[in-house]
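Start from the sequences, fold in the hints, and give me the full structure.
Protein chains in written order, with the numbering used here: chain A, 1474 to 1587; chain B, 40 to 152.
No lab work stands behind these hints, which were simulated from the structure alone.
Any given hint might turn out to be false.
For the chain B half of the interface with chain A, some residues (derived, Cβ under 8 Å), not all of them [claimed, not checked]:
hint: 1; residue: P47
hint: 2; residue: K76
hint: 3; residue: P82
hint: 4; residue: G145
Subject to a maximum C-alpha distance of 35 Å in a straight line, what follows is the list of computed DSBU-like cross-link-like pairs (lysine-lysine) [said to hold, decoys possible]:
hint: 5; chain 1: B; residue 1: K79; chain 2: A; residue 2: K1538
hint: 6; chain 1: B; residue 1: K42; chain 2: A; residue 2: K1538
hint: 7; chain 1: B; residue 1: K79; chain 2: B; residue 2: K106
These numbers come from a predicted model, not from an experiment.
Backbone N, C-alpha and C fix where the C-beta goes; we use that ideal spot for every residue, glycine too.
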Amino acid sequence: SAVISQKPSRDICQRGTSLTIQCQVDSQVTMMFWYRQQPGQSLTLIATANQGSEATYESGFVIDKFPISRPNLTFSTLTVSNMSPEDSSIYLCSVQSGVGQPQHFGDGTRLSIL
Amino acid sequence: EDKVVQSPLSLVVHEGDTVTLNCSYEVTNFRSLLWYKQEKKAPTFLFMLTSSGIEKKSGRLSSILDKKELFSILNITATQTGDSAVYLCASNAGGTSYGKLTFGQGTILTVHP
Chain A
1474 SAVISQKPSR DICQRGTSLT IQCQVDSQVT MMFWYRQQPG QSLTLIATAN QGSEATYESG
1534 FVIDKFPISR PNLTFSTLTV SNMSPEDSSI YLCSVQSGVG QPQHFGDGTR LSIL
Chain B
40 EDKVVQSPLS LVVHEGDTVT LNCSYEVTNF RSLLWYKQEK KAPTFLFMLT SSGIEKKSGR
100 LSSILDKKEL FSILNITATQ TGDSAVYLCA SNAGGTSYGK LTFGQGTILT VHP
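What follows is the structure in structure tokens.
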């Protein structure tokens, strides 16, 4: 399966600031996704990162709070904007290399907001 | 709204025991059911199931899907301490929700020596 590099692996941020998380894949993939895992919870899909067009957001997530870019088939970024303590979570990118293939996850970014 | 429910939520066993983890789903445009193992941050892919009644096997782990009753099970035989993890079940949808994974709450498995 594809090698997925996500960075930073962790960060501690101040309230009101923004952080951009990067996800790099070693091969071209059809689909890239961003998930959030709040403490003690399961994974929730934030959005599908579409190459060359605006991301598709799930209910409860908006572009102003979680802007996403996907300039090509191997790279995507997620920005967590105007952070508050409620944004403290693990953020994970996942990739699907083609139709009918499983999603594989990056190592995640553990984000703590003070 | 798509829904995935796992049981039990936690399980404590001793090495050598066999465990069965359960996953039921209610999904519009169901395509497949996936199992992942999460030890620290990244979920690691275990199985993807698309057809009923066909068991998938990898070493001591196996899984099967029942599309009529809308559930799947994950079996782990001869458990080892290294099997201690959170096991996540997820449904994969099609149509306008193509690619979207809906996760269950997870089962926390603890294997004691």
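Taking the hints in turn, this is what the structure says about them:
At its closest, the beta carbon of P47(B) sits 15 Å from a beta carbon of chain A; the interface hint therefore is violated under the 8 Å criterion. Residue-level restraint check for K76(B) is violated (minimum Cβ-Cβ distance to chain A is 11 Å; threshold 8 Å). The beta carbon of P82(B) comes within 5 Å of a beta carbon in chain A, closer than 8 Å, and the hint placing it at the interface holds. Proximity of G145(B) to chain A holds as hinted, the smallest CB-CB distance being about 5 Å (cut-off 8 Å).
At most 35 Å may separate the alpha-carbon atoms for a hinted pair to count; K79(B) and K1538(A) meet this at roughly 26 Å. Only pairs whose Cα atoms come within 35 Å are accepted, and K42(B) paired with K1538(A) is accepted, the gap being roughly 25 Å. At most 35 Å may separate the alpha-carbon atoms for a hinted pair to count; K79(B) and K106(B) meet this at roughly 31 Å.
Checked against the numbered hints listed earlier, the structure breaks hints 1 and 2; every other hint is satisfied.
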